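Construct the entire structure; sequences and hints are all you get.
Protein chains: 4
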Amino acid sequence: MTTKPTLSIGLIGSGFMGKAHVFGFATAQKVFDLPVDIHLHTLADITDDAAARAARDFGFSHSTSDWRTMLSNPEIDIIDITAPNALHKEMAIEAIAAGKHVYCEKPLAPTAADASEMAAAAESAGAKTQVGFNYLCNPMLRLAKEMIAAGELGEIRGYRGLHAEDYMANANDPYTFRHDPEGGGALADLGSHALATAEFLLGPIAEVMGDCITVIPERPDGRGGHKPVLVDDIGRAFLRFANGASGSIEGNWVATGRKMQHDFEVHGSKGALCFSQERFNELHFYSAGDAPGRRGFRRIEAAPDHPPYGRFCVAPGHQIGFNDLKAIEVAEYIRAIAGDQPEPFSFRDGARIQTLVETIQKSSATRRWMAV
Amino acid sequence: MTTKPTLSIGLIGSGFMGKAHVFGFATAQKVFDLPVDIHLHTLADITDDAAARAARDFGFSHSTSDWRTMLSNPEIDIIDITAPNALHKEMAIEAIAAGKHVYCEKPLAPTAADASEMAAAAESAGAKTQVGFNYLCNPMLRLAKEMIAAGELGEIRGYRGLHAEDYMANANDPYTFRHDPEGGGALADLGSHALATAEFLLGPIAEVMGDCITVIPERPDGRGGHKPVLVDDIGRAFLRFANGASGSIEGNWVATGRKMQHDFEVHGSKGALCFSQERFNELHFYSAGDAPGRRGFRRIEAAPDHPPYGRFCVAPGHQIGFNDLKAIEVAEYIRAIAGDQPEPFSFRDGARIQTLVETIQKSSATRRWMAV
Amino acid sequence: MTTKPTLSIGLIGSGFMGKAHVFGFATAQKVFDLPVDIHLHTLADITDDAAARAARDFGFSHSTSDWRTMLSNPEIDIIDITAPNALHKEMAIEAIAAGKHVYCEKPLAPTAADASEMAAAAESAGAKTQVGFNYLCNPMLRLAKEMIAAGELGEIRGYRGLHAEDYMANANDPYTFRHDPEGGGALADLGSHALATAEFLLGPIAEVMGDCITVIPERPDGRGGHKPVLVDDIGRAFLRFANGASGSIEGNWVATGRKMQHDFEVHGSKGALCFSQERFNELHFYSAGDAPGRRGFRRIEAAPDHPPYGRFCVAPGHQIGFNDLKAIEVAEYIRAIAGDQPEPFSFRDGARIQTLVETIQKSSATRRWMAV
Amino acid sequence: MTTKPTLSIGLIGSGFMGKAHVFGFATAQKVFDLPVDIHLHTLADITDDAAARAARDFGFSHSTSDWRTMLSNPEIDIIDITAPNALHKEMAIEAIAAGKHVYCEKPLAPTAADASEMAAAAESAGAKTQVGFNYLCNPMLRLAKEMIAAGELGEIRGYRGLHAEDYMANANDPYTFRHDPEGGGALADLGSHALATAEFLLGPIAEVMGDCITVIPERPDGRGGHKPVLVDDIGRAFLRFANGASGSIEGNWVATGRKMQHDFEVHGSKGALCFSQERFNELHFYSAGDAPGRRGFRRIEAAPDHPPYGRFCVAPGHQIGFNDLKAIEVAEYIRAIAGDQPEPFSFRDGARIQTLVETIQKSSATRRWMAV
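Residue numbers (the working numbering), protein chains in the order written: chain A, 1165 to 1536; chain B, 1165 to 1536; chain C, 1165 to 1536; chain D, 1165 to 1536.
Derived by calculation from the structure, the hints in this document are not laboratory data.
Quick caveat: nothing in here was measured; it's all calculated off a predicted structure.
Don't take every hint at face value.
Note that identical chains are pooled: a pair holds if it fits in a single copy or bridges any two copies.
Stated by the list, open to error - Here are the simulated DMTMM-like cross-link-like pairs (lysine to aspartate or glutamate), alpha carbons at most 20 Å apart as the crow flies: (1) Lys1391 x Glu1258; (2) Lys1194 x Glu1319; (3) Lys1183 x Asp1201; (4) Lys1526 x Asp1201; (5) Lys1526 x Asp1212; (6) Lys1434 x Asp1454.
Now the structure itself:
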């Protein structure tokens, strides 16, 4: 019996995303034939007690209240950052300098400049990096990408993308860090997903025209007063892709009634695709090549035909869940480190999205089209 | 038994739209308790023969190859123009001058200036006018308008509108008058409906930023060569409404797979509506006031609760068809002439849409936001 | 110019269905190139006044309070019966004896024996007859029938049919003639449509097992008391078709929330179809022959590819309405009389449905399978 | 820091279901605050090598090729049986006799008699048992059950249930153990889920009328010949519930195009619910109490309002997957053992389903209604 090499994880943070990452590591290990074993080595949190408790709950062997101690530990291969956004850059840069691979939750950094700096550091150090854009790991999105690349839609002509939710729709909900310019607003928070999906499917965006709007101008400050909101609640953009296609996206967190409207529709000369994250185990495909009188959007249900769905369910139609997308992301990142394939969404990709967001914001502020 | 007064129609043109109008007159008369009787008086077409044959088929009492003879006939009350677009202005202006009411197919005129001139002529003459925007006659759109006006959605925050079809998606289909700048392109042809619906629901649009794109740059000219296409195949716009809400629309005639995607979604502080013309007997309503754990978009099916649906079907769920929308349009226009109510979509309204379209086109050409 | 022959109608009854028939005659004439002209000759109603008023409103040339006078009038070709069900048989038999063609609203008669007698009378007299099962006139149902007949689904294996509504769901609504055994109950009223569609698509049903249930045992009698309900509110059946396939249907008028759930799903060895009258301009088609990973139910939208849709709308996706189905029914009946084709749903067909309903009811009462 | 007690698992079998169970144990532990720790103690398989390899891959501490050794090991608390169906009874009875709790994949046993014997053994020994009916663990099914129990639908009147797939639709696929009478057929395999859901929602079924059909009469025997199929490909039943409601179900494994049509619709006097496993993160709710003109089926999306969804995703609309249902099942079983609550689906429940299946099969064979 051969033994697989081991990759050891040092996790920073034990909140919701920390838990989700641990879940992803565990599921990836169980579901995929990974070329390595994943070892949950050390968990770092604010206090010794918190770290020890989380380490025990999450199955880590060690814990610490000083994340820097993990950097000097040669047993640890990957630093996984789920700490507050403001700390991402410092942690990542130091971890890369210490020779670690780095997995970081989105957004990578508050500014494109910071994100680019992080990407450059990783590249020059040869670190493998990952930002958590797990919607892209959906087998149906990969199917869409493959169909487009294979020419099943013909020449691509138009694109519409969305990511709309309503979790900020209540004007009486208090001001949070997300309403701070550093937090970024709806375009940065949700529109970033719409942008990532757009480039995932159609390739680079070359030019944008933005329209960012603050719908709820102030929110309760938690001390009886109100605080002005400076970020957008709705961020729209017209897009020009490098391949000549045009399109639009919208990020919106005041879209009452919508919980996960991460949707797209793309039209080509020979066919079209329509997708909604609200039913993300489906992809709707129209083929202009079907027989006359028999054409229509086909509801393709996720099935073992659409890897890696079959890793989760041996039969079609059973459906994978949101957390399974995280496991796919982890598995591909682990494989990238093991050398089999490129990272699914590296710091460079994360910096790219940040650049798109900022360019759209600037375009909106100046009311002019801008090249990306 | 009292006798109703009669309104007599002089129809110009006997093509598809002419037939649809006659169908609308007949159905309106049968379905509604109109305050007048409609009499199909004279049909005008290019030749005496064509006019006579169409008059017989359509049930008109008289026919002529000279539409101007109808203007001097005191028995005729309404001139109904379904002739080619280029002739609309001349015919309408002369008919108004002759004291007639005028019903005209869309688009009212190739330019906003012409359309405004026609509207002004009608207004100074006291003529009742109508442009055929019959999607607005859908009981479910009226329900939407009422719900918004009544505050059921709360303060309106965001709007998305569409009208996408694929009837121009085949690049091998020949150049037609619609590809001529006079014809207007996808924004003028289909986007105009999206704009009409947007203003119908939310009131005036104050400012626009356009993005008009020619996707298929040339088309067969029918003589073995190709002719460049100068109009847009996709026309998008960002919108600012006078009420403070923002939104976007798209007109698209190369949207492969889409036959009638005249859709909208509108989000308010208390609820949302979602609609697709592909299933135009439904309106989807989300109420944030529903009990927790029981909220969701409700699929409201057209029913006698939604006038004038009950005129067509006594029971819910039976569904009206596209031609029934035309009958509603006719009925309301007839009532407007009889004095009961304002015209549902007058020349002034038609000119307004033309102005919106042109402003968006100019905005696209100059790449700048423009006030309407 | 050639003149078409004329078929003259004598209508009995001016209620909702009478109006719907007139609407059907008018639309059929306008929409189709019928081989004859339809003339609305005489309308018969209870009193002279009622008849005269309705004749005027509906466009009939004459009126009468004695329907029998129409039978002796050689100018009248078709007697159209929309009088109460209890009178259908007497009227139809006399009209047939007088040499008329007869169009009769459903149900043809309260019992299969009566209905068969009516069918036999028509056949021996050579009268062309029609019962109003207009759902079958839907272009998408015809498409389904054609696809099945052409083998596009392969060998047919299983069928599920429904017709469920909720118009009797309120237990406080009063007892009506429909709750009387003569009225028939949900199976007779709605299940009859499900049965008609099943045989329309798959051919004759050979054997049935019924399950008929009274859910609301008594209803207000309008005089402060209650009256027991003896008919079924839900009627279900297992089916064996002569072609070897099996299936089930349900008729249900207490299906809260359902307005027009006239649905079916049929599975063959090579494909499947799924349909709902709630969206009757769509047919969903699954082809097992599509490429692996690209299979799914296709939403085919009604289009000019699906005759006679194109008679109503020149473009796909516009959608026909319930009343247009009536116009198609009328047109085909008129053509049958003119000699071009068989009647779409003759008295014999109507008697067949009545036989199926009664056999299911008896099967339910005896709790045994019965041959039809 | 307090230490939780540990429950140790002895797993028999390492195929797909074995893997799914291990996945369930791991996820349950990570996602829920279980009152105990789960320890993967020993894995038993046919050979020492197979067992050792699977134990290593799945994370078990020990392995064996003799499952009986686990029974005598006092460290092991739960025997988890994913071996072939024919062995379930022997293994379960011996494990119970050895004082173990037993978790067994469905079907519990080929006959109701065997299953009942297993249930009786467990009950008299006080063993906690579980059969894998994980569709019932869906938060949206639990919501449905709660709404019905709370009277939100009023008095229940009618029910339709389904479980249809197409994995046996290809007549050229070979004969398998599932086509053997011991295997049970479509009703036993899929219809059992429809029956379980029906009783989960509405309580006990009192009487049934079955209709079981073999559609593909013989299948390739793998040796160039064919073997007759004696089990049903489609199994239907009429149902009478003890609460007075009536309904129907269908189990079907030749339903071309359907991958997971585990659906139901239930109508009450005040409301209705509609569900499809194809989109199992949604429940559609119609409330007759909504305002007139505003009624319609609401698409409720799974959210933290619907426990235990929030354990998997902190935000609505993200969607759980099929494997998450397994984790919920495991968690509840573990809690039942720890004493907090009844087993979610015990051997008694499994025997009940087997009884229903057999009664329907007998009813079909004798063509008579039968009490359960």
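The hints, checked one at a time:
In this homomeric assembly, Lys1391 and Glu1258 never come within 20 Å of each other (Cα to Cα): the closest approach is 35 Å inside a single copy and 61 Å across copies. In this assembly of identical chains, the alpha carbons of Lys1194 and Glu1319 never lie at most 20 Å apart, being 40 Å within a copy and 42 Å across copies at closest. In this assembly of identical chains, Lys1183 and Asp1201 lie within 20 Å of each other by CA distance both inside one copy and across copies; the values are 19 Å within and 17 Å between. Taking the shortest alpha-carbon separations for Lys1526 and Asp1201, neither the intra-copy value of 45 Å nor the inter-copy value of 53 Å comes in at or below 20 Å.
Taking the shortest Cα distances, Lys1526 and Asp1212 never come within 20 Å of each other, neither inside one copy (43 Å) nor across copies (64 Å). Taking the shortest Cα distances, Lys1434 and Asp1454 sit within 20 Å of each other both inside one copy (10 Å) and across copies (16 Å).
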